[in-house]
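K.L.:
Next come the chains, spelled out residue by residue.
Protein chains: 2
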Amino acid sequence: MEQHSKALLLSSSNCHGYSMLEFAKEEICDFLKKHDVQELIFIPYAQKGYDGYTKTIKNVIDPWGFSVSGLHTFNDPVEAIKTARAIFVGGGNTFLLLKTLYDNNLVSLIRERVCSGDLAYIGSSAGTNVATKSIHTTNDMPIIYPPSFDAISIVPFNINPHYIDKPENEKHKGETRDQRIGEYMEMPHAGTVLGLREGSILHVHGKSLILKGVAGAVLFKKQVTMQQFQ
Amino acid sequence: MEQHSKALLLSSSNCHGYSMLEFAKEEICDFLKKHDVQELIFIPYAQKGYDGYTKTIKNVIDPWGFSVSGLHTFNDPVEAIKTARAIFVGGGNTFLLLKTLYDNNLVSLIRERVCSGDLAYIGSSAGTNVATKSIHTTNDMPIIYPPSFDAISIVPFNINPHYIDKPENEKHKGETRDQRIGEYMEMPHAGTVLGLREGSILHVHGKSLILKGVAGAVLFKKQVTMQQFQ
Numbered sequence: 249m250e251q252h253s254k255a256l257l258l259s260s261s262n263c264h265g266y267s268m269l270e271f272a273k274e275e276i277c278d279f280l281k282k283h284d285v286q287e288l289i290f291i292p293y294a295q296k297g298y299d300g301y302t303k304t305i306k307n308v309i310d311p312w313g314f315s316v317s318g319l320h321t322f323n324d325p326v327e328a329i330k331t332a333r334a335i336f337v338g339g340g341n342t343f344l345l346l347k348t349l350y351d352n353n354l355v356s357l358i359r360e361r362v363c364s365g366d367l368a369y370i371g372s373s374a375g376t377n378v379a380t381k382s383i384h385t386t387n388d389m390p391i392i393y394p395p396s397f398d399a400i401s402i403v404p405f406n407i408n409p410h411y412i413d414k415p416e417n418e419k420h421k422g423e424t425r426d427q428r429i430g431e432y433m434e435m436p437h438a439g440t441v442l443g444l445r446e447g448s449i450l451h452v453h454g455k456s457l458i459l460k461g462v463a464g465a466v467l468f469k470k471q472v473t474m475q476q477f478q
Numbered sequence: 249m250e251q252h253s254k255a256l257l258l259s260s261s262n263c264h265g266y267s268m269l270e271f272a273k274e275e276i277c278d279f280l281k282k283h284d285v286q287e288l289i290f291i292p293y294a295q296k297g298y299d300g301y302t303k304t305i306k307n308v309i310d311p312w313g314f315s316v317s318g319l320h321t322f323n324d325p326v327e328a329i330k331t332a333r334a335i336f337v338g339g340g341n342t343f344l345l346l347k348t349l350y351d352n353n354l355v356s357l358i359r360e361r362v363c364s365g366d367l368a369y370i371g372s373s374a375g376t377n378v379a380t381k382s383i384h385t386t387n388d389m390p391i392i393y394p395p396s397f398d399a400i401s402i403v404p405f406n407i408n409p410h411y412i413d414k415p416e417n418e419k420h421k422g423e424t425r426d427q428r429i430g431e432y433m434e435m436p437h438a439g440t441v442l443g444l445r446e447g448s449i450l451h452v453h454g455k456s457l458i459l460k461g462v463a464g465a466v467l468f469k470k471q472v473t474m475q476q477f478q
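Chains as they are written, first to last, in our numbering: chain Z, 249 to 478; chain F, 249 to 478.
Derived from the structure by calculation, the hints contain no laboratory data.
Check the hints yourself; a few may be wrong.
[What the hints assert, rightly or not] In silico DSSO-like links for lysine-lysine, alpha-carbon gap of 27 angstroms or less: (1) Lys-296(Z) - Lys-330(Z); (2) Lys-419(F) - Lys-419(Z); (3) Lys-419(Z) - Lys-273(F); (4) Lys-296(F) - Lys-347(F); (5) Lys-421(F) - Lys-460(F); (6) Lys-455(Z) - Lys-414(Z); (7) Lys-273(Z) - Lys-421(F); (8) Lys-273(Z) - Lys-460(Z); (9) Lys-296(F) - Lys-414(Z); (10) Lys-282(Z) - Lys-455(Z); (11) Lys-419(F) - Lys-421(Z); (12) Lys-421(Z) - Lys-460(F); (13) Lys-469(F) - Lys-421(Z); (14) Lys-296(Z) - Lys-282(Z); (15) Lys-296(Z) - Lys-306(Z); (16) Lys-347(F) - Lys-421(Z); (17) Lys-347(F) - Lys-273(Z); (18) Lys-460(Z) - Lys-303(F); (19) Lys-296(Z) - Lys-419(F); (20) Lys-455(Z) - Lys-281(Z); (21) Lys-469(Z) - Lys-296(F); (22) Lys-330(F) - Lys-421(Z).
[Said to hold, decoys possible] So these bits of chain Z aren't anywhere near chain F, every CB distance computed over 10 angstroms: (23) Asp-278; (24) Lys-282; (25) Ile-305; (26) Phe-322; (27) Asn-323; (28) Val-355; (29) Ile-383; (30) Tyr-432.
We treat Cβ as the ideally placed atom computed from N, Cα and C, and that holds for glycine.
With the sequences and hints as input, model every part of the structure.
P.N.:
What follows is the structure, given as structure tokens:
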């Protein structure tokens, strides 16, 4: 990790018992204020319907004292990101998001600007997946083929958002989340995976990583050990 | 679909209340006997540990009166498939399976031999995913990057194996299966998707498709309508 990176990586926008982003309100406000940011560019590429999705996020975040604009409303997304101070990359489908970021030549640009400390990054769900080393541990369906699974690499490991401990349904024979992550860990290219439960936030501040939020996380290290953080 | 194709596409090998493959025993036996097949080549590429995986399947199917061999035990997989009468492509990780099939130059060979009626195909879970148009509707984690999501295309549509109707966990905010399939249906390249519940089997016999097994299926058509088959 680069020493100037600033990122807030949310497992999800929604958490049981909270309205949208409510569990993360204090962290998001503190993060943006600390970095002296008032304007926030929202990247809605993980979903269809950019206008509606941006409006939903704007309706939540603007009342907190910030001003949200959709990246799709700028004439040139590359120029917009070159001068942005902060972005929020929303959730949806990780494959669609990563492909659209590549199509718009934004992957390496975002990496460079975040690593140099010029761009503060907030991601949620798919927006968190693409902030990591690769999208190998997304839960999403591969609805479109991206040019690579390599992602923005703000952190040099993988995150599994919406991490859930228990079998989803004991009668259902599909793999559990731990089995799926275990399959990844067996790959030669696999490294560490952080399973972020819904309601959890990873705060990246230079080389410091702080787990925040209300739900904890599970760290999967190579040679598959598991470490609980409550 | 080609008029000579013969395939049996299982949602999964395991089904609640049955031992491994038990729910499909009669169909598999009838299918192989009808096509006068005694030797069955098992393709274990969706999992690590080919020997152990092949042994597990052999221990189930050999007592039914057939002889199972792992494709990995042949010197040349291409030559083995060129002379095989029937294959069973087992479940595990769909991305790993498809990549390994491409690495071994087997995708188009299997397609040609199945379409010409020379090779009978049995697939389960990931082995069913790769038998379809593409792997866009797998549930698996993208643990490795395949050269394409295009698959063997024995059928010209997609299947979602392990299809499950209900939200996996009402407190969990990850997408439901229907939402995930709905995201795919919004893609310009998406067509029909058959959600095969665990315990269901799609029997392909030339241009005829017959739903068999114990659990039914859901058909998702473009412009997202849903049709129930009980």
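K.L.:
Of the hints stated earlier, which fail here?
P.N.:
The structure breaks hints 5, 6, 14, 17, 18, 22, 29 and 30; every other hint is satisfied.
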